[in-house]
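Colleague: Chains as they are written, first to last, in this note's numbering: chain B, 1 to 337; chain F, 1 to 292; chain L, 1 to 257.
Just so you know, these hints were derived from the structure itself, not from any lab.
On a predicted model such as this, the values are computed, not experimentally measured, just so you know.
The beta-carbon is built from N, C-alpha and C at its ideal position, and this holds for glycine as well.
Some clues are possibly wrong.
What the hints assert, rightly or not - Per the computed footprint, the stretches of chain B lying under chain F, defined by three or more beta-carbons under 8 Å from a beta-carbon of chain F, are:
#, stretch
1, 68 to 80
2, 93 to 106
3, 116 to 126
4, 243 to 255
5, 290 to 298
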Amino acid sequence: MKKESYIVLPILAVLCIALPLFYGDRYVIGQATVALIWATVALNWNLVFSMAGVFSLAQLAFFAVGGYTLAVLNGHFGISTWIALPVAGLVTMMVGMLSGAACLRLRGAYVALLTLALSQALYLLIVTDTACFRTEGGNCIPFTGGSRGLSRYEDFGFREFLPYPVSHIGDYGLAAALLIVSLFVAILVSRSPFGLGFRSIRDNEQYARARGLNRFRFQLSVFAISAAFTGMAGALYAGHFRVMGPNVLRLDVMLFVFAMIVVGGGLKIWGPLLGAAIITVLREVSVSFDSWQPTILGGIMLVVILLAPQGVSGLLALVDPRQRAGSRLERRKREGI
Amino acid sequence: MESIIQIFVSGLTLGAMYAVGTVSLSLLWGAVNVLNMAHGALLVIGGYASWYTATRLGIPPFLGYFSAALVSATMAVLMYLLILRWLKGRRGADVLIIVATFAIAMILENVVLNVFGGYAVAQPAKLSGGVYISSVFVPAQNILIMVLALVLMALLALILQRTALGRSIRAVAQNSQAAVLMGIKVQHTYIAVYAIAGAFAGFSGVLWSSISTLSPTMGFDPMLKAFVICVAAGLGQIGGALAVAILLGLAEAAIQYYVGVRFALPFLLLAVVALLIVRPQGLFGIHGKARQ
Amino acid sequence: MSEILECVGVGKRFGGVHALSDVNFTVTPGEIVGIGGPNGAGKTTLLEVITGLTPGSSGRVEFAGTDITGRTPEQVFCLGLARVFQSAAVFPSLTVFENVLAGVVYKGASKPRTPLTYRESDLEATRAAIDLVGLSDKADEVVEHLPILDRKLVTIASAICGKPKMLLLDEPVGGLTPPEIELLKEVLFKLKAHGITMLIIEHVMQFMSAMVDRVMILDAGRIIFNGAFNDMIRDVEVMRVYLGEQAAARLRESFAG
Ligand SMILES: Nc1ncnc2c1ncn2[C@@H]1O[C@H](COP(=O)(O)OP(=O)(O)OP(=O)(O)O)[C@@H](O)[C@H]1O
Ligand SMILES: [Mg+2]
């Protein structure tokens, strides 16, 4: 990931404002809200991959932690969703830093396996949770809601203070704001000494150590930032749907978000956002082949990996003549000419 | 006493099954440096191949083991020839391979789901009856699993240690560039490795489905356990993986018996996480450090 | 004058291999010391142990009055002992400027002095270092695409921009053509003029003879020679294990004096 320019921020903001103005359909806005939430997850996941070079599969576990934090705080303890949202970010940040520390000494495939194991352990503990935490109307509700999830809690309450025709804009605006803030932070970090440190360690860890860069601090901070935003995205998701279940930890959800990064390309900070848009549209278009969606998604990913490993944003970058010269040179070097 | 026998019977059965599946994963990692996220899907394919040949083609159920091995091996080789072959040597190849095999797994499982439906079915390649050890009933299928696992392990050891193919595999595993210089046909060796790994995965798919049931998503749990075993042993350490597989089987049976089924897998996962934090290279892994 | 670097009884074993055994030497401030020896003699391992990348099995290393035995590479670098790797290690996806900048931002503490912006003094030091090695017009190029000489210059610049007291260079001219060697030599002479102490591992004898005040020869993990270059090329033991009769004779001819 090279130094990114802030120009993508106003572009994203304009797009986010333009959509409801020109296409305010309730269904479209609903889908767009979800797309924005997934885009936030993909963006922050890619931060861990591309900037820190850590192949973590824990991102949806962070997402789940955020979502469950909101659902539990509001559902069990009656705490306002508006307070639960930042708290979810904080809690997830803590969890993220712990996972970052856990896989500090591991590399490559081991990190992938460890983080997969962590999120799977979480999944199993949730789906097998049957102990009643409280009972409501004769129904037993486990702390995590068990395999059925938690559903008796509030949303962000936009319907109460936004008039009817635009009441559905509330969640959308919140999701857009979170994505924009998150993108801003990502760019800020990538341009700062912090980002330089991340990228150096990712490129060559031993050499980076010999230049005074300590992996520990960097890995923890990238996990902290990435997890905090992902957790808030999870909380938003929980608040938007008013149901939070363990199925966000399933592998096909992971593949779905991952496809956004692969298709959009991870080399540019905005690649995963483009990917989120493409995958969302693809899903809408192929909705009549619903039962074949994993195959379609997997097929697209394979094609992209084989033919355009830097994704669509990488293809777009090829239009830039300077980059093209670079990649040609690289190819020549690889082929040993 | 009875509970001890009980634990040993189910623990050793689990361990034997884990061992067969783990070999597949460990071989791919050790010899060709591939972390195969499609391992679970190969198991599923194998399980269904056996089921299909027995119930639809009317072939005797026990030939199902062979059709499973054959179909999964073919699928693994195809996976290599069509996709993974092109990813080797690319920058970030290990991550690309994880992602690609992940995508392949999704496709295979989705196809199985659409073709055979999502309902769990019974695996026909299964023995009924059993024997009593003191007062504990030991199903015949459990005994078969242990025997088959032993035979397969012996076969693998024979291939790796005694044949020309085994020598090439070991050479490629140590250094594929040097192997090329020594005149080993690396491409053929790779294909052989995928075929063997696929066959073991398919076989283990039949074993797994024979004591539980066959469904399109049955592969995930065994895959996760195979990962856990490989990581705990140190990726690519086949011998170590076998030892850990047996240990894990026993530990799981004991936890299930004394603490409860619910905690067995999460507990093991967390134990491995803890192990990795303390000893990143696994129990038997050698701490290889990249040199500048 | 007191020494800047001192190794006392340093040993390193890899399983059964004694990569280093009982290595003792000192370097005084401002001195340029060369290290030679056959492949696998333990030269790179010596640098690894000094800089803390691999811990030594025995012995003690002292740098500028501080015991640095068992310190991490980060700490050693921050104390002012910078290493240039054998294989021209760089951060391939970063530009020349970023590569060099990375060598100064985290020096001192292992965190940026200002978390989100760069200090003007760091940017200044980076520009100066890039200028010194003569890469100013390539400052914004991605290092991956640069030829080997430029990459070597980049890692030297990143080592010096944090103003270290001493440099450890591992085969700085290995793999370069004679004109390129000349260019690199000039850069190192500039550093020498700045009074930076250097420990240079090198096989290229012409280069070694021009640069160093003193030579040490390592063989099988032991120092078998420690003295002037001109004595080294006459040393029987060195001739036997490292240079060979003919090469030594040729060297004696070209450096007759
Ligand atoms: N990490 C390691 N594990 C095992 N043995 C090692 C390791 N690092 C170095 N060695 C061994 O230590 C000895 C010294 O190696 P070293 O790289 O220091 O030699 P060198 O003098 O730098 O050689 P060259 O001139 O080729 O660079 C060699 O025998 C090498 O095989
Ligand atoms: Mg060396």
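Colleague: What are the numbers of the hints that this structure violates, sorted from low to high?
Modeller: 1
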